[in-house]
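Peer 1: Dock chain E against chain Y, hints included.
2 protein chains.
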Amino acid sequence: MATLRCPENPVIRPKDIPPLRTDFEVIGTFNPAVTRFNDEIILLLRVAQRPINPHPDFELVPIYNAQSNEIEIKEISRDCPDSNFDDPRIIYAANEVFLTSISYFQVARSKDGINFDIDTSEVLFPANNYETFGLEDARITRIDNEYYITYVAVSPMGVITCLAKTNDFKNFERLGIISCPDNKDVVLFPEKIKGSYYAITRPVTPLFSKHDMWIAKSPDLLFWGQHKHLLGADQKSWDNLKVGAGAVPFKTDQGWLEIYHAADKENCYSLGALLLDINDPSRVLAKSKKPILKPQADYELEGFFGNAVFSCGCLEEKEKIIIYYGAADKYTARAEVPLKDCFDSF
Amino acid sequence: MATLRCPENPVIRPKDIPPLRTDFEVIGTFNPAVTRFNDEIILLLRVAQRPINPHPDFELVPIYNAQSNEIEIKEISRDCPDSNFDDPRIIYAANEVFLTSISYFQVARSKDGINFDIDTSEVLFPANNYETFGLEDARITRIDNEYYITYVAVSPMGVITCLAKTNDFKNFERLGIISCPDNKDVVLFPEKIKGSYYAITRPVTPLFSKHDMWIAKSPDLLFWGQHKHLLGADQKSWDNLKVGAGAVPFKTDQGWLEIYHAADKENCYSLGALLLDINDPSRVLAKSKKPILKPQADYELEGFFGNAVFSCGCLEEKEKIIIYYGAADKYTARAEVPLKDCFDSF
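Line order of the protein sequences matches chains Y and E.
Residue numbering for the first sequence follows our numbering, beginning at 2 and increasing consecutively.
Residue numbering for the second sequence follows our numbering, beginning at 2 and increasing consecutively.
Everything labelled a hint here was simulated from the structure, so no lab data went into it.
Heads up, some of the hints might be wrong.
You can't tell identical chains apart in this list, so a pair holds if it fits in one copy or across any two.
[Said to hold, decoys possible] Below, computed lysine-lysine pairings styled on BS3-like, alpha-carbon distance capped at 30 Å:
#1 K166 to K321
#2 K291 to K321
#3 K252 to K229
#4 K171 to K229
#5 K290 to K252
#6 K321 to K295
#7 K75 to K229
#8 K229 to K319
Only chain Y is shown next, with the shape it has when bound in the complex (with noise of 0.2 Å):
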């Protein structure tokens, strides 16, 4: 496997982008969405913040408040009985739970992909109660000249996909919420296929504790229906726990080629290669049997959620995707693959 990482990884770091306020700390800018846009390649990144912390008798949790418009902090304390803070990301209070950081969107430009400039007036950020505990791992779409965003909303009412768009990268509008809880990981095909918008979902059974990938329909990206099962996880193969999409799908002449990650049972986070049918989508012809990106460098096997890396978009080249990915849940880091090696993993 011929997989370049980017020299100058990771291109991104939680210093780049200075905190919300003096009293938080940045501790994630990772899990971009990605796309081209005019002569630019912009990242929509997710940025994840906490208050900084002196105690060690109890944490402080970042909610956001839709009635004031802020962010709010609360005390759980460690003594807490029946409460959980293995998890560096969860907490499991006795009745309640939180995320120990919130996240929101921030718009990242470059020309040659590498170098990024960070503008922090362009933000997507919680604006009502199903966004609380943040928004996460956004996904562009091009769509003939809008760019659909689908992205994660955090509440204590579940884990939702919510679909927005913009024509410019300075304005967002929200469009609703197009999956219930929990389901995230929403991908939207880049165009119709047989008359029906797709997108890959990823569902939660917990009665029969599966995180597989699912795939729908829609007439017009809002509202979603025709679901069918895509791809679980597969026993006896890297890809044994959970799998979910990651980059938006692109066409190739073999079919349609999606990048996926998948955790295995030590909970590492890789990505492989999954081809699907170019008239329906639905039908799986190929997935890779080896990772074509597992954590290997330093970035991806330490940082706030290790042993990871996790894509939300790549981009098409002559005979390679350029990769952004997520690492140790913490940085933006960059890679190469050769498409052939793409379908080599079959």
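Peer 2: Only chain E this time, still in chain Y's reference frame:
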């Protein structure tokens, strides 16, 4: 509360239906959908069956095989490590989850709403890989002259909701999956409201351990979006663990009236009323402070899953509603509730 249980209750019992095979037993005839059709009252009964099991050392699990179109029987050893047989409905084996019975639908007809003829030839039975663990808890919504049926399909891929329709209750046309996992207790409103169809849904958020009611819109009943949270469990009331839609909502002069179910922290299932804005049913106007029906009769307290009343449909009559409901996941029962009592419960 002047809730009046039918003296003939339970109006349908498992012994009223012959098993599919001589080595099976019928263990439940419950949770019926209900509608008026021509001059009859029609129930779409959930019939649950399981293999007769003389073996104390293992469970016999019925699974529909979509390739052979037959029910196969799987043996699960009770000695299996990491397994759990505590819930009479579900077996948690080492790496798999099974249901202890398989359900499908049969049509029951009545002139008086109390004495039912059950025609075993009219059956909606599992027919594909999404339905291998059975069909559960249908609701019938008449829209114009079509009868739309939402029903739960269960398989190892999850608990989903499918749509079907009929205009004779002999032939049923499947229209696809409208909710991906886990999402059940989906009921359709009987008409368009301000240009959109509406459905109440019940997605699950495993991260936040919530089983709340949501509401969605559709242009055509097939594709759904614009999801909104409708009603969560109320920590301080009778509905403090899970809530879900029950009957098909109907119009009153005060708004849409929905008979919903709730489980409390003792896993007791009761029924209450919910009043929704007539022009915007995502607006909750009122809900019952106390249940309008809670388990009390012998056939509600003891059965397959005791201490449970659960409705999938009711009929409106002058000044009262007739609720058909599953009792203890075993029987079908009937009760009359004065409409005034529903409003007085708010």
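Peer 1: Which of the numbered hints are not met once you compare them with the structure shown?
Peer 2: 8
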